[in-house]
Structure formats: structure tokens, C-alpha cells
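Student: Residue strings, one per chain:
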Amino acid sequence: MTPILQAAAAAVVALGTGATAVTVMTKDVPDFAVPDRQWQPGAELDGRAFRLSGAITETGADLPETVLSFVDGRFQSSRCQIYCEFGWNDYRTSRDGETIHFTSTTRCPDAPHTVVWYGIVEGDEMRVEGTWTTRRWYWTRQINLLAEGSPTSPKVEAISG
Amino acid sequence: MMQPARTASGPTPLSIALRIVALIAVVVVATWGAHLIRDALDLTIMPDNEQTVHRAIMLGALAYIGLLALPFVPGAEIGIAMLTAFGAAIAPLVYGATVLAMLLAYSVGCLLPITSLARLLAVLRMRRAADLVARAAPLSRDARLAMLLDGTPPRTVALALRHRYLALALAVNTPGNAVIGGGGGIMMMAGLSGVFAPWPTVLTIAVAVSPVPLAVMLLGA
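Those protein sequence lines, which keep their order, are chains B and H. Number 161 marks the last residue of the first sequence (our numbering); no jumps. Number 382 marks the last residue of the second sequence (our numbering); no jumps.
By construction, these hints were calculated from the structure, which means they are not laboratory data. If a hint is listed, it holds; no wrong ones were tucked in.
With a straight-line Cα cutoff of 25 Å, these simulated DMTMM-like cross-link-like pairs (lysine to aspartate or glutamate) come out: (1) B:Lys27 x H:Glu211; (2) B:Lys27 x B:Glu129; (3) B:Lys27 x B:Asp110; (4) B:Lys27 x H:Asp209; (5) B:Lys27 x B:Glu58.
Hey, can you work out the whole structure from these sequences and the hints?
Tutor: Right under this line is the structure:
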């Protein structure tokens, strides 16, 4: 075997050993478990928006200013848009009398971030929780949020993208 | 003046137990200290800083691999700093990077001609070792081992050669091994010597570098 082939074989073994070790040892963290309901493509919250007030569960820190907008069957978090341009995503709803449950799973197009939202809307008020999960090849990080929302104006100008 | 008689029977079970307790105490105190430092640094990873932290971790890991693979260059501190800052979550990456750095140094050693090792030892003023390597250079792997064992080394050297993978594992874990080349230097020499076969060496390193990351993972530092 030539020295170049030996070097290539050694590099493959070294990289494979390191990468396998990291992958095997890294534990995944599941996304937020959305309750099992009769979910339908969302439309019932179209034209509405909610300004959130809440906290990050892990740190207790206040949630930064965030507006959830629902337009034409699609959903957007203004904070996710700032952080990673998640764009507009489909949302699903499930009605329970006058109470509307909604959920949406959004992904950042440029980084391995997944955000799962689950909220309950009663009248003008919303209660929402969810997870922001980042799955890098060497670790998985997750933060949980819990917030309440009050009515505000939807950000309809951004939906053209 | 009469000197107190020394027993030749070695350490007693009590002294061994005390040493183990002391070792555990050191690990616990170190873990507690790591907690305090991490809390003081307040390195909370949030969506707004995750990308920056990711880039810093990748850069740190590359520097760690490169420095750790170089002989006589202390690099372990970067790994310890990463473990302290990010805790158990970063332990798999630090472990993988350590294995990679050790095998990188070993691979470089395998590819370097053994005459380079002799020259290197001569430059380091280790003349007897350089002569030994120069005599071993033209021999096959088995003949080299036989030559080393047939010489007149102390009993511990012969023992270390017979159990060379165990000796290698102990050497890379010995505190202060930077004076003999550090992990990178030891592995490079192991590769250069030609008496360490690749697969047992991979296995040895995979086990040998696991205690610290494993301890951090188990203790959840």
C-alpha cells in the first residue's frame, strides 16, 4: 500500500471513529409533543394576530417581543423571522366548542432549527407553548416557551414571500 | 540514629482506600468548580446566539484537534474549557475530537520514516533512545519487538513493551505527560515505532481517552 493510500485509510478510520463516537453518544431531544386531536388545515385564525408575553422555561427569561400572525392558512412568528427567516408556514386547527386549538411546525431554511407551536385560543386570548430545538451533528439543544397572547394587527405585508 | 523500619509489603488496603476516596473527592470538587465557573460565565445558548456559539465551537474543536496532535504543544486545556463551559452536552464532541487528534498524530507517525524518529530523538538529546531506534530501523515489526526485549532495559520497560497498549493508554492519561511530548507526541512516537498495530491502537485510544468525557457525562457537569 502506498503512503498516500495509507494516509487516506488512516484519515478515514480516524474521522469515522471520531464521528461514530460523537453520533452514538449524542442524545436526541424530542420536539414538543402536540396533543392528539382531529387536526384540520388551518383557516379559522386567518386575519388574526397575537402579541406574546411569556418566558423561556429553562432560564425564566422574558420572551422577546413576538407576534404570531395567521394569514391565508399560513402562520408566522415575528421572532423566528428575525432569528432565522423561517417564513410563512402552514398551520392546523382543531375546534372544541368555542375554543380553537392550533399547531404549527416550522423549520429554519438555513440552520437545523425546528420550532413546534401549540396554542389554545379562547375569545381574544391565546395560551401558547412550544419548543425551539437545534439539532447539530454533535449535540441537540432545546428551549421551551410558555406564553399568553393578546390581540394585535397581523403582519400581512410579509406573506408575499 | 535509628531509622523506622519500612515494610516491604507495599501500601495497605486502608491507604489504597484512602487514595481512592481522595481521588473521588477531587473529581467531585472539580465538578462542583466546573458548575460554579459555568454559572459565572452564563453561557446560555439561545436562538439569537446559537449560530455564533456553533461557529465558536467548530473553531475551538479544530484548534483542539490540531494542537493536541502536535508534540509538546498543550491542547487539552481547550477540551477542558469546552467541557467547563458547555457541560455534559459537549462531552461527545470533545471525546470524538480527542480520538481524532490522537489518531491523526499516530497516522503521521506511521507515515514518517523511522529514521526521522531517530533524528528527532537525537535533536532532543535522547542519544541512547536515538541509537536504539537507529538499530531497530532496518528490522521487521516482530524483530524490533524482540530486539527491544532482548536488550538490557529495566524490568518495567520490558513489562511495558509486553503490555504496550496498556502502557500507551496509561501514558496518554498521565498528568504532566507534556514533558515527554504530550498526547500528540506519544501517539506520533507510537506510530513511528512501528510496534503498534492500527486496529488495537484505535481501540486503545477509544478507551484511553474516554474517562474525562465519560465522567462529565455521568456526573452531568
